[in-house]
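Peer 1: Chain by chain, the residues:
There are 2 protein chains.
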Amino acid sequence: MSNTAVSIITIGDELLIGQTIDTNSAWIAQQLNALGMDVLRRVAVGDERAAMTNALDAELAVADVVIITGGLGPTSDDITKPLLLEYFGGAMRTDERVLQHVKDIFSRRNRPMLDVNLRQADVPDSCTVLFNSRGTAPGMWFERDGKVIVSLPGVPFEMMGIMLDEVLPRLRMRDRKGAIVHYTIVTAGEGESFVAERIADIEGSLPAHIKLAFLPALGMVKLRLTGKGADEDQLHKDILPYRDAIAERLQNIVVSLQDEPLAKALYDVFSARGITLALAESCTGGLIAHQLTQVPGASGYFMGGVVCYSNGAKTDLIGVDADTLATHGAVSEATAKEMATGVQQRLGATYALSATGLLGPASDGSAEPIGTVWMAVAGSGRVEARKFRFFYDRERNKEMAATMGMLLLFRFLKDENNI
Amino acid sequence: MSNTAVSIITIGDELLIGQTIDTNSAWIAQQLNALGMDVLRRVAVGDERAAMTNALDAELAVADVVIITGGLGPTSDDITKPLLLEYFGGAMRTDERVLQHVKDIFSRRNRPMLDVNLRQADVPDSCTVLFNSRGTAPGMWFERDGKVIVSLPGVPFEMMGIMLDEVLPRLRMRDRKGAIVHYTIVTAGEGESFVAERIADIEGSLPAHIKLAFLPALGMVKLRLTGKGADEDQLHKDILPYRDAIAERLQNIVVSLQDEPLAKALYDVFSARGITLALAESCTGGLIAHQLTQVPGASGYFMGGVVCYSNGAKTDLIGVDADTLATHGAVSEATAKEMATGVQQRLGATYALSATGLLGPASDGSAEPIGTVWMAVAGSGRVEARKFRFFYDRERNKEMAATMGMLLLFRFLKDENNI
Chain H
1 MSNTAVSIIT IGDELLIGQT IDTNSAWIAQ QLNALGMDVL RRVAVGDERA AMTNALDAEL
61 AVADVVIITG GLGPTSDDIT KPLLLEYFGG AMRTDERVLQ HVKDIFSRRN RPMLDVNLRQ
121 ADVPDSCTVL FNSRGTAPGM WFERDGKVIV SLPGVPFEMM GIMLDEVLPR LRMRDRKGAI
181 VHYTIVTAGE GESFVAERIA DIEGSLPAHI KLAFLPALGM VKLRLTGKGA DEDQLHKDIL
241 PYRDAIAERL QNIVVSLQDE PLAKALYDVF SARGITLALA ESCTGGLIAH QLTQVPGASG
301 YFMGGVVCYS NGAKTDLIGV DADTLATHGA VSEATAKEMA TGVQQRLGAT YALSATGLLG
361 PASDGSAEPI GTVWMAVAGS GRVEARKFRF FYDRERNKEM AATMGMLLLF RFLKDENNI
Chain U
1 MSNTAVSIIT IGDELLIGQT IDTNSAWIAQ QLNALGMDVL RRVAVGDERA AMTNALDAEL
61 AVADVVIITG GLGPTSDDIT KPLLLEYFGG AMRTDERVLQ HVKDIFSRRN RPMLDVNLRQ
121 ADVPDSCTVL FNSRGTAPGM WFERDGKVIV SLPGVPFEMM GIMLDEVLPR LRMRDRKGAI
181 VHYTIVTAGE GESFVAERIA DIEGSLPAHI KLAFLPALGM VKLRLTGKGA DEDQLHKDIL
241 PYRDAIAERL QNIVVSLQDE PLAKALYDVF SARGITLALA ESCTGGLIAH QLTQVPGASG
301 YFMGGVVCYS NGAKTDLIGV DADTLATHGA VSEATAKEMA TGVQQRLGAT YALSATGLLG
361 PASDGSAEPI GTVWMAVAGS GRVEARKFRF FYDRERNKEM AATMGMLLLF RFLKDENNI
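Sequences listed follow chains H and U, in order.
According to the working numbering, the first sequence is numbered sequentially starting from 1.
According to the working numbering, the second sequence is numbered sequentially starting from 1.
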């Protein structure tokens, strides 16, 4: 019994010239996957009628459900609605609920309203309107030959709202054919092939309905076990022993058994123990603080930090010794340690993490090569520093440094707290 | 005369279950576009032989060039190479240069090497090897019936290296059929439909070979003029008058005439004037600092900042008055202003920007509703604060706040410096 097959079509010239990165497809795929549906293909096409029609034809030939995003905005480069009208026939009608909603939005925000805005309430009479509580362009639900075609706006926040409120409940009612279960093991510090070799025997013993995938990303490797079958409870029972066997084998490099960012794993450890954190970031430029504060409730443990990009900021804000900077340089073990203990003390935090390095593209004339980063963690009476070297470009070095810094902190906490 | 048509196929189950966001396609599309090629379609398929073969068949039917990324890693879920061998025929051979390169990488990094790593040097003898200076998996170039098929690893950094070193130069030599020219105007503070209305007459007067697109994103709207034709110089001459007319009409909301982030526009203003900046971020949690420090050379003007997530950080690090916090609350005009002047003074910066607010999902019990953010800019003897209200989820509110903060600073600078 095969699962419902879905194709996602994203529309917009901006996707084809690379001006916009498509985040919608990944989010939609996650949601459908959780319902046990299989996304077969994702296709991006431009704002051109022929390309859109061809894509719709091709995807309807292979998929049970086609989800289209984009091309619904008020400006003249958005042509999805006329195309769908032609494709499914019928006439345009004005949806009164949507019209009132559009008027309300403009009057609430006190913005002038234009004809193009009012026309957002026009929909083909062959569709079911999917109300957009977060914006003006409604979604549309069409059915043909037992297949479903959904059209959604491309603005991620609005698309997500319509998916959650309107599309997913309808799809859930329509389809309960199969189940899919994923388990993820997040590891850090070892390369993909080395991790694979360590668990080759376990992978070899997996039954046919359970697949293992390796997803490497920035110093980390995620392992994903996926099982497909008729019965969800049975799938959990089938997969768990393999998940546990892998997690035990890889114990020393496992960060989390949830598919979650490192920042969330840190949040869990800090919150559970009532301990607090301060940061002193030089080369990472606020990225670690940004990642930590993406987790709701981070203010419960993260007291704050400094982005001490200049030497002045290091001395003035957290009391790094000017002599240390002069003698050892900004990118040094001594400076990293003083940054960590300085911000820890200044904010009265239980732990502190610091990062100072050179990310490129240009050297600042210091003795250390580009890509060198010193990081330090300060705990109760103990400071530990480590030197890293990254070999990529500026943005990637920065991301790597942020990940490695959080990992250093995570390991330090594990050691100190016997986790 | 039509441009070379390209399809991009990305391979990997992780794309279809939404565990990975596809950034490769956008980057590849940008590069090809700059060569005057048209990306017709982008297709993502899973790690399954039939799906990959079907995608290759379908894209070869419509495109002159097909670029495949992913599915080349050393683990067993990577199946692109065997498939290409079958598709194009021939036998596997070991490429000695790649083999030596793989061995060198492992010995340099002092990591144990496995059989699967050595097998990365095996390639179908029907392809031209595209050397991967940044990693172990080589790219492959196949030709059939005058069409080109390129297979690249999915790791972005490695894929980019092979594209720049090997693929783009080969494609450039093969094809000089047409030119494409883009101009971008970045605006902020007005909605897409309102911007469109203001320049409707200019848009209406565009000749057939010039298209205008509106790309809305987080409080900003990018306008992109695209011209296609035989002669690149002529295209520049054709488009520029329209670009200038639009920029003049929208003068009050134009941020940049380059397709660049706000952080880069700020970098340009600060660098050109030799002025400096400090930040005090509460609710934005380091995101503004992170965005500013994405720009190489940011250390030339950005002295640093504090992420004062707790009240303690606000008082201890930058001297916000405890009475101000008690009387007005952390999310208030008074606190925002003291944060800006406090960090400005502490770091001796010419300008400072601050942000303090509630981003959700939970309220902290303060009088202000979720989504309220106060921001302030301090200049020479002048402090200006503004209250914002965002209506989205935590992550989007944070991004909006960062964008609006940078915009507030940008406008303040324009006023003070007569830009």
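For the record, the hints were derived by calculation from the structure and aren't laboratory data.
Just to be clear, a hint being listed does not mean it is correct.
Note: identical chains are not told apart, hence a pair may lie in one copy or across any two.
What the hints assert, rightly or not - Derived EDC-like pairs (lysine to aspartate or glutamate); straight-line CA-CA distance at most 16 Å:
| # | residue 1 | residue 2 |
| --- | --- | --- |
| 1 | Lys228 | Asp165 |
| 2 | Lys211 | Asp238 |
| 3 | Lys103 | Asp115 |
| 4 | Lys414 | Asp268 |
| 5 | Lys237 | Asp165 |
| 6 | Lys387 | Glu416 |
| 7 | Lys237 | Asp415 |
| 8 | Lys264 | Glu395 |
Peer 1: Against this structure, judge whether each hint is valid.
Peer 2: Tested hints:
1. In the homo-oligomer, the alpha carbons of lysine 228 and aspartate 165 never lie at most 16 Å apart, since the shortest distance is 26 Å inside one protomer and 42 Å across protomers.
2. In this homomeric assembly, lysine 211 and aspartate 238 come within 16 Å of each other (Cα to Cα) only inside a single copy, at 12 Å, whereas the closest approach across copies is 55 Å.
3. Taking the shortest Cα distances, lysine 103 and aspartate 115 sit within 16 Å of each other inside one copy (11 Å), while across copies they are farther apart (65 Å).
4. Within a single copy, lysine 414 and aspartate 268 get their C-alpha atoms as close as 12 Å, which meets the 16 Å cut-off; across copies the closest is 44 Å, which misses it.
5. For the homomeric pair lysine 237 and aspartate 165, neither the shortest alpha-carbon distance inside one copy (31 Å) nor that between copies (49 Å) is at most 16 Å.
6. When the C-alpha separation of lysine 387 and glutamate 416 is checked against a cutoff of 16 Å, the pair qualifies neither within a copy, at 21 Å, nor between copies, at 43 Å.
7. In the homo-oligomer, the alpha carbons of lysine 237 and aspartate 415 never lie at most 16 Å apart, since the shortest distance is 32 Å inside one protomer and 65 Å across protomers.
8. Within a single copy, lysine 264 and glutamate 395 get their C-alpha atoms only as close as 22 Å, which misses the 16 Å cut-off; across copies the closest is 14 Å, which meets it.
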